[in-house]
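Model the full structure from these sequences, guided by the hints.
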Amino acid sequence: MTALCPSTVDELGAAIAETAATHPRLLITGNGTAEGWGAPARPADATVDTTGLTGVIRYSPADMTIAVRAGTPLAIVQQVVREHGQRVALDPARAAQDATVGGLLATADAGPLRTSHGSLRDLVIGTTVVLADGTTARSGGHVIKNVAGYDLAKLFHGSLGTLGVVAEVVLRLHPAPRAVTTVRVPASAEHGFQVATHLVTSGVEAAALEWCAGPDDRLLVRLEGTPDGVADRVREVSADGATVLTDDEACEEWSAVAATAVGEPGDTVVRFGALPAAGPAALGKIRAFADDLGLGVTISSSVPAGVHTVRVHGGAARAHSHLLAALHDDHHANVTVLRRDGLHTSSAWGPPPSAIRVMRAVKHRFDPTCRFGAGRFDGWLDDEKGLS
Amino acid sequence: MTGDVRAEFVAALGADAVLADPVELRAYECDGLTGFRVVPALVLLPRTAAAVADAVRICARERIPFVARGAGTGLSGGALPVANGVVISLQRLRSIIEVDPVNRRAVVEPGVTNLDISRAAAPHGLYFAPDPSSQQVCTIGGNIAENSGGAHCLKYGFTVHHVLSADVVLPDGTTAVLGADSPHLGGYDLLGAFIGSEGTLGIATRITVKLLPKPAAVRTLVADFPSVEQAGDAVTSIIAAGIVPAAAEMMDAVAIEAVQAALDAGYSRDTAAALIVELDGPQAEVDIQFAEVRQLCQNHGTTNIRVAGDEHERALVWKGRKAAFAAVGRISPDYIVQDGVVPRTLLATALTRIGELAAAAGLRVSNVFHAGDGNLHPLVLYSEAAGELERAEELSRAIAELCVDLGGSLSGEHGIGTDKACSMPRQFSEDDLATMALLRAAYDTDGICNPGKVLPTPRLCGEKPGVHRPHPLEAAGLIERT
Amino acid sequence: MNSEPLADCVHCGFCLPTCPTYVVSGQETESPRGRIYLMDLAARGEISVDEAFGGHIDSCLGCLACVPACPSGVRYDKLIESVRPQVEREVPRGFADRLFRRLIFALFPYPNRLRLAALAGLLYTRSGLRTLLHRLGVVERLPSRLRALEALLPPVGLQALFSSVPEMTPGRGEVRLRVGLLAGCANRVFFGDVNAATVRVLAAEGCDVYVPRDNQCCGALSSHAGHEEDGAERAKATIEMFERYRLDVVVANVAGCGSALKEYGDILSGSPDFAERAKAFSAKVRDITELLAELPARTARAPLDLRVAYHDACHLANAQGVRSQPREVLRSIPGLSVHDIAEAELCCGSAGIYNLVQPDTAEELGRRKAENLQATGPDVVATANAGCLLQIRRFLDEGITVVHPVQLLDASIRGVALFATADLNAKTRERR
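Line by line, the protein sequences are chains W, U and A.
Here my numbering is used: the first residue of the first sequence is 1, the next is one more, and so on.
Here my numbering is used: the first residue of the second sequence is 1, the next is one more, and so on.
Here my numbering is used: the first residue of the third sequence is 1, the next is one more, and so on.
Worth flagging that the hints you see were computed from the coordinates, not collected in a lab.
One should not assume that every hint holds.
[What the hints assert, rightly or not] The calculated EDC-like cross-link candidates involving lysine to aspartate or glutamate, where the alpha carbons are at most 20 Å apart (straight line), are:
1. U/319 with A/343
2. U/155 with W/205
3. U/210 with W/122
4. U/214 with W/236
5. U/319 with A/345
6. W/285 with U/181
[Unchecked claim] Chain A is faced by these chain U residues, among others (derived, beta-carbon under 10 Å):
7. 22
8. 30
9. 31
10. 69
11. 92
12. 115
13. 134
14. 261
15. 328
16. 329
17. 335
18. 384
[Said to hold, decoys possible] So the derived label-pair ranges between C-beta atoms look like this:
19. A/377 with W/202: 25 to 33 Å
20. W/20 with U/461: 29 to 37 Å
21. A/127 with U/263: 52 to 60 Å
22. U/83 with W/202: 48 to 56 Å
23. W/198 with U/122: 14 to 22 Å
24. W/235 with A/307: 39 to 47 Å
25. U/311 with W/202: 13 to 21 Å
26. W/96 with U/446: 46 to 54 Å
27. A/298 with U/311: 30 to 38 Å
28. W/277 with A/321: 45 to 53 Å
29. W/198 with U/295: 32 to 40 Å
30. A/334 with U/311: 25 to 33 Å
31. U/122 with W/83: 42 to 50 Å
32. W/178 with U/446: 52 to 60 Å
Remember, it's a predicted structure, so these values are computed and weren't measured experimentally.
Quick reminder that beta carbons are idealized off the backbone N, C-alpha and C, glycines included.
Written as structure tokens, this is what we have:
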């Protein structure tokens, strides 16, 4: 298949404009870490390979902002800014697999730090995108505080490559913490929710509060700050049965959290959002159902945010699909498939959200000929039948 | 507008919810920016979300432009009415529907004031983080339209970071829920695009906001500096030290004079700049970092540090800061509040250039700003009676455009509205603006929702935006411009 | 109208949440910002002073909560007082409106007429006519203004109606001050017990107290309603009346009257004969709680085990800036706890004659105030204004006594329970 491999925004715009007639269907790819997300893309006439679109455009450590080409892996950006004691406050599992900044934006991915810093939606302060006709459009800018114009980055957040190509991204940076300690508290889902809620309201300002299931049920509390401050807060957090982890132990625990989101070949990985207080019951239901179906599950939940990632393994493909259907029944449009190896059908999405008309209208305005990412949203964008 | 349509509004909303008296309509002809005035054909005051939808449905069917209005505190003319259009005031949708302390969120109607959300949450030890200076007046609906920040947004972000979902009436009169119970949802971030759209994409009628726990500790100091530049350098050094203050605010001598005239908030009258730094968070972290902040202020030549000893003193510091704009009314008959952003490292450059521009124009400029994020609020002082209005407007515009030229933005929080729509081509290319227009058209096909705001229109801006060039998709007949 | 203060308004809207009529209606024209905007347009000749304009000026309670809330220092109090006479002159009122207003102005400033009316009211209540008319639903069918008048009838007994305080009461022990007390017109008729308590407390604290017997209305009602000339005449008469006694301090225990006395200097600044005298007079005026907070206490105070919800009367807090003193006075009583209420800055809807001429808005505000007061779970509600006392009592649940702060202090100094007011309350209950 033809691959367009631009290394600058101009090349990208030109390549897309020039291929409008010859290659009407395009699939945008980065390092391929999100191929399993959503529904499978339909065959395209060419891929838009963004892995050549890399590099830092402008880094201003004193302003704590960095502009990068969208094909740059997040891990590389982290390396660059770490030298100045800074970081992008985002820790998605896919970062370790060299996921690109553009890919992370298009998938709305995030890791345990979402508890304190949200997702890329909350960290991107400017974007440049290329539309289906090659138009290059910028929104936002290089300053953190900016309300001039519409924020196109929001539309592209979670767009799975169906609106256009993210070409450049400007990120807000945070100071890298001087000290980090993780405390592990053995806890059922219910107890974990209570402890996490208590910690949030006590003002201890945990950077991450991740409840994990499989093999043991536990709550991981990550504290970040100054060495003395963290030591003080660790004492506050540590209750009966809590373990203050060594760096190696902590690394192992957080790797396990990442592994849940990535999964293994043959697994199904699903992420869903729910009201925080509804989390324990929802998770209990999933585990019970998985037991019935003879499936194994590991879970990682950002408790205060109410975002849960569930890795389903073993059992029959049909059972994976049953479990997904059950999630769709309960959590409707707020369910995203992150890995679909285990599914025997391709219906990755649940019932569309009430705002689906707006989503379709956006798609229609931005990509009226449906050049990009056909199939990724399945029936939601209904691209084969034409758009309303 | 025909009498039939008016009768239909009356039938749908009730007679007391439709204002048509010419005198009453005049009171709605402007918002907080009084330089732009347009008298609407009608003002509607619906009491329920359903009534808002009814009103918009009639507008959509009749192609009547409508403008949503909260408390009318906006400073960019975002709620400026449209001639022959209607104003939909949300001031009767003021219920706090629910405060949910377990999930730390509140469900409110759009006319609830920003501060009332925090008041309702206070018994649970929670609050709503965005705190624009007008928080006791401005409404959450308006905060959503403008993506309001406030003094504490350096650490806590803007309205977009604190709204989970909103029931909206779309410009065709249909309703949809944008966002969800958690930040994870499938598909485009339609709520994120809606927030900050300045009322051009629809009307939010029921909003779920996040509430944060009150920080365990808060420390506030006011440091005086012999120059604004030194104060700016102090801020840069604080942030370079890896400290994210909850707030870092600065006022120059003119602003301090005004604040002290309005209320004695304890600021030193004989200093060139006052820097307010507030830290909050866990007690241990705050104590350690507060000592560092004091040291850094000293390193940069502070002449006096006043630490707020208790909650009362802290409240007074903030009361002074938040009243600064309006207080300037005491020392100048007229003034324009500008709002621009520069990269923080260029603060000193920007202030020098603003001083030069002001000197050239023969006018005084006072600077009040959010130093932590480079958001400047130069106040251009003038006297309309002395015929200085035009010069003041020119100076103000020049300052905003200076911010863009320095790599910043036309607006950090007041919005583009009517005021700056014609300056948008300075910051964005035609393609950028045409693409933004696509977003707008996706929500508002007929262009009836707060038309004339945000994006420049040839009618408003004359020749300024340059020759109209059709968007390629428009040329291909795939879209139409609204 | 002087248009200079109009230009001070920068349209920031900080006044909106403090404005009772705006809070109730959500309408821009029912807010200080909107009213100022209309006044400005009228001053420029862009709109005429018509019925719509007059309606929005009339609806202003004059509570002045917007004045301290204004960061630009707009003197809304001056603006509204200067536009009211213009409305009175230029906007023709309907017959019923005219008649009703005339009735009020012919009644309230005249204690004797008011006493007669109150007597009629007493007969109306005691004879069972009131109960009968309520039962027959006649009252429900009255126009809302008359209904408001009917509902506000205070539960005074025959004795209270004709009770009065002596013209001179000597202070106990070494005399510290010669104090004049304005007995008030409506106050004297309906709240004789408040005056009696005021005199007892002042005398106990070592003040000779003079209460002129010939006083008529001080002009507060007239001035606040835009009847400028009548207000000025009454001010002159009041000054002359008090000048006879060579006083150190003139005390008011009705917030509305007190704020009027303090404005005499301004009102009469253009009068050659009175400008200086008025200024000197106004400088001597204190609210009773102000004076008590200034005077170091001499008397012992017995504990009163009470939760008190304190309501800031607009004409005390906003017009006179007296907020802390009444609280201090109350806190000087052992065992008593003072509780602030939500939306403290919102007017209770009494506002002089407002609850009579704009009864619907007043009723909504009264209910809202009562809810906020009750939310603190008080035994007693205290407020330092006769109008507020009447208005709040109407909407409060049974069992909560409404008193003037000085009555609590009086009970504490005398070491007695609050029987007088408790008794009143019992009567209120019986009437319902």
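Hints versus structure:
With a C-alpha separation of about 18 Å, the suggested pair residue 319 of chain U and residue 343 of chain A falls inside the 20 Å cut-off, and the hint holds. Only pairs whose Cα atoms come within 20 Å are accepted, and residue 155 of chain U paired with residue 205 of chain W is accepted, the gap being roughly 12 Å. Between the alpha carbons of residue 210 of chain U and residue 122 of chain W the distance comes to roughly 14 Å, so the proposed pair stays at or under 20 Å and holds. Distance restraint check for residue 214 of chain U and residue 236 of chain W: the Cα-Cα separation of roughly 17 Å lies within the 20 Å cut-off, and the hinted pair is therefore satisfied.
Between residue 319 of chain U and residue 345 of chain A, the direct Cα distance comes to roughly 17 Å. Compliance with the 20 Å bound is thereby established for this hinted pair. As the CA atoms of residue 285 of chain W and residue 181 of chain U are separated by approximately 19 Å, the hinted pair is consistent with the 20 Å bound. Taking 10 Å as the C-beta cut-off, the interface hint given for residue 22 of chain U holds, the closest approach to chain A being about 7 Å. Below 10 Å, beta-carbon pairs count as interface contacts, and residue 30 of chain U has one with chain A at about 7 Å; its hint therefore holds.
Because the closest C-beta pair between residue 31 of chain U and chain A is about 8 Å apart, less than 10 Å, the hint holds. A least Cβ separation of about 9 Å between residue 69 of chain U and chain A falls short of the 10 Å threshold, and the interface hint therefore holds. With 10 Å as the threshold, the beta carbon of residue 92 of chain U comes within range of chain A, its nearest partner Cβ sitting at about 4 Å, so the hint holds. Satisfaction of the interface hint for residue 115 of chain U is found here, the shortest Cβ-Cβ separation to chain A being roughly 8 Å, below the 10 Å cut-off.
The interface hint given for residue 134 of chain U holds, since its Cβ lies 7 Å from the closest Cβ of chain A, which is under the 10 Å cut-off. At its closest, the beta carbon of residue 261 of chain U sits 8 Å from a beta carbon of chain A; the interface hint therefore holds under the 10 Å criterion. Because the beta carbon of residue 328 of chain U sits about 8 Å from the nearest beta carbon in chain A, less than 10 Å, this interface hint is met. The interface hint given for residue 329 of chain U is met, as the beta carbon of that residue sits about 4 Å from the closest beta carbon of chain A, less than 10 Å.
Residue-level restraint check for residue 335 of chain U holds (minimum Cβ-Cβ distance to chain A is 8 Å; threshold 10 Å). Interface restraint check for residue 384 of chain U: the shortest CB-CB distance to chain A comes to about 8 Å, inside 10 Å, so the restraint holds. At about 29 Å, the beta-carbon gap between residue 377 of chain A and residue 202 of chain W stays in the expected band of 25 to 33 Å. Remark: the range hint 29 to 37 Å for residue 20 of chain W to residue 461 of chain U is upheld by a beta-carbon distance near 32 Å.
Residue 127 of chain A and residue 263 of chain U have their C-beta atoms about 56 Å apart, which keeps the hinted 52 to 60 Å range intact. Separation of residue 83 of chain U from residue 202 of chain W is about 55 Å and conforms to the stated range, judged on CB atoms against 48 to 56 Å. A beta carbon spacing of about 19 Å between residue 198 of chain W and residue 122 of chain U agrees with the range 14 to 22 Å that was offered as a hint. Evaluation of the 39 to 47 Å hint for residue 235 of chain W and residue 307 of chain A yields a pass: the beta carbon distance comes to about 41 Å.
Separated by about 19 Å at the C-beta atoms, residue 311 of chain U and residue 202 of chain W satisfy the suggested range of 13 to 21 Å. A C-beta distance of roughly 48 Å is found between residue 96 of chain W and residue 446 of chain U, which places it inside the suggested range of 46 to 54 Å. Checked against the given bound of 30 to 38 Å, the beta carbons of residue 298 of chain A and residue 311 of chain U, roughly 35 Å apart, stay inside it. Against the hinted window of 45 to 53 Å, the Cβ-Cβ separation of residue 277 of chain W and residue 321 of chain A comes to about 47 Å, which satisfies the hint.
Range check, residue 198 of chain W to residue 295 of chain U: Cβ separation about 35 Å, and the 32 to 40 Å hint holds. Separated by about 27 Å at the C-beta atoms, residue 334 of chain A and residue 311 of chain U satisfy the suggested range of 25 to 33 Å. Here the CB-CB span from residue 122 of chain U to residue 83 of chain W is close to 43 Å, well matched to the stated 42 to 50 Å. A hinted range of 52 to 60 Å for the beta carbons of residue 178 of chain W and residue 446 of chain U is consistent with their spacing of about 55 Å.
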